[in-house]
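Q: Sequence:
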Amino acid sequence: MVGLTSSRVRGRRGVSSQSAATTDGERRATKWLTFYTYYLFAGAILLVSKAALMMTEGEGLGGFLGLGPFAIFMAAVGFGLLWREAWGWKANWVLLFLPLTIIAPLTIVAVALALTGKVLFGLTSKEALLTLYISLALNVAWAWPNYVYFRKRRYLFR
Numbered sequence: 081m082v083g084l085t086s087s088r089v090r091g092r093r094g095v096s097s098q099s100a101a102t103t104d105g106e107r108r109a110t111k112w113l114t115f116y117t118y119y120l121f122a123g124a125i126l127l128v129s130k131a132a133l134m135m136t137e138g139e140g141l142g143g144f145l146g147l148g149p150f151a152i153f154m155a156a157v158g159f160g161l162l163w164r165e166a167w168g169w170k171a172n173w174v175l176l177f178l179p180l181t182i183i184a185p186l187t188i189v190a191v192a193l194a195l196t197g198k199v200l201f202g203l204t205s206k207e208a209l210l211t212l213y214i215s216l217a218l219n220v221a222w223a224w225p226n227y228v229y230f231r232k233r234r235y236l237f238r
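Residues in the sequence shown are numbered from 81 upward in steps of one, following this note's numbering.
Just so you know, these hints were derived from the structure itself, not from any lab.
Where hints are given, some of them may not hold.
Simulated pairs of lysine to aspartate or glutamate, DMTMM-like, Cα-Cα distance not exceeding 25 Å [what the hints assert, rightly or not]:
1. Lys-206 - Glu-137
2. Lys-111 - Glu-165
3. Lys-232 - Asp-104
4. Lys-232 - Glu-137
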């Protein structure tokens with residue numbers, strides 16, 4: 081039986097699964113979501129700016145074609161999360177783990193090149209390997225807490 085304290089409240093998007101008594105808890109639960117969403121928008125703007133800079137420095141359209149689609153995807157995921165849509169929640173998983181799937185093979189290549197002593201991206205093999213390990217560690221450090229957060233907050237998205 082549903083009591084007065086656990087009654088369902090009607091929000092902007094319909095019936096919420098949260099009770100009226102947990103509005104303070106809801107606000108705390110969505111503070112990270114708000115920060116993360118605006119972080120995605122800022123990241124998308126920075127990527128578009130970097131792509132435009134690459135185009136003006138003589139790299140032509142290749143800079144935009146490399147970074148542009150990812151920036152557009154970031155902005156789309158940001159809007160999906162902002163509007164609390166289920167597709168935004170699902171696309172966020174791709175966005176969280178896409179850098180890891182790109183960096184891991186590069187790390188394997190860097191290890192292979194380090195064994196032969198060749199140069200990668202203008203860096204010595206040891207510098208490239210160190211850079212990729214740091215990138216991998218930073219991406220894991222960013223993705224893991226977000227994985228935990230978004231897994232627990234599935235109820236926020238319809």
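Q: Each of the hints needs a verdict: does it hold here or not?
A: For each hint, the structure was consulted:
Between Lys-206 and Glu-137 the alpha-carbon distance is near 28 Å, which puts this suggested pair outside the 25 Å criterion. Between Lys-111 and Glu-165, the direct Cα distance comes to roughly 17 Å. Compliance with the 25 Å bound is thereby established for this hinted pair. For the hint pairing Lys-232 with Asp-104, the CA-to-CA distance comes to about 17 Å; that is within 25 Å, so the pair holds. Of the supplied pair hints, the one linking Lys-232 and Glu-137 is violated, its CA atoms being roughly 44 Å apart against a limit of 25 Å.
Against the hints set out earlier in the document, violations occur for numbers 1 and 4.
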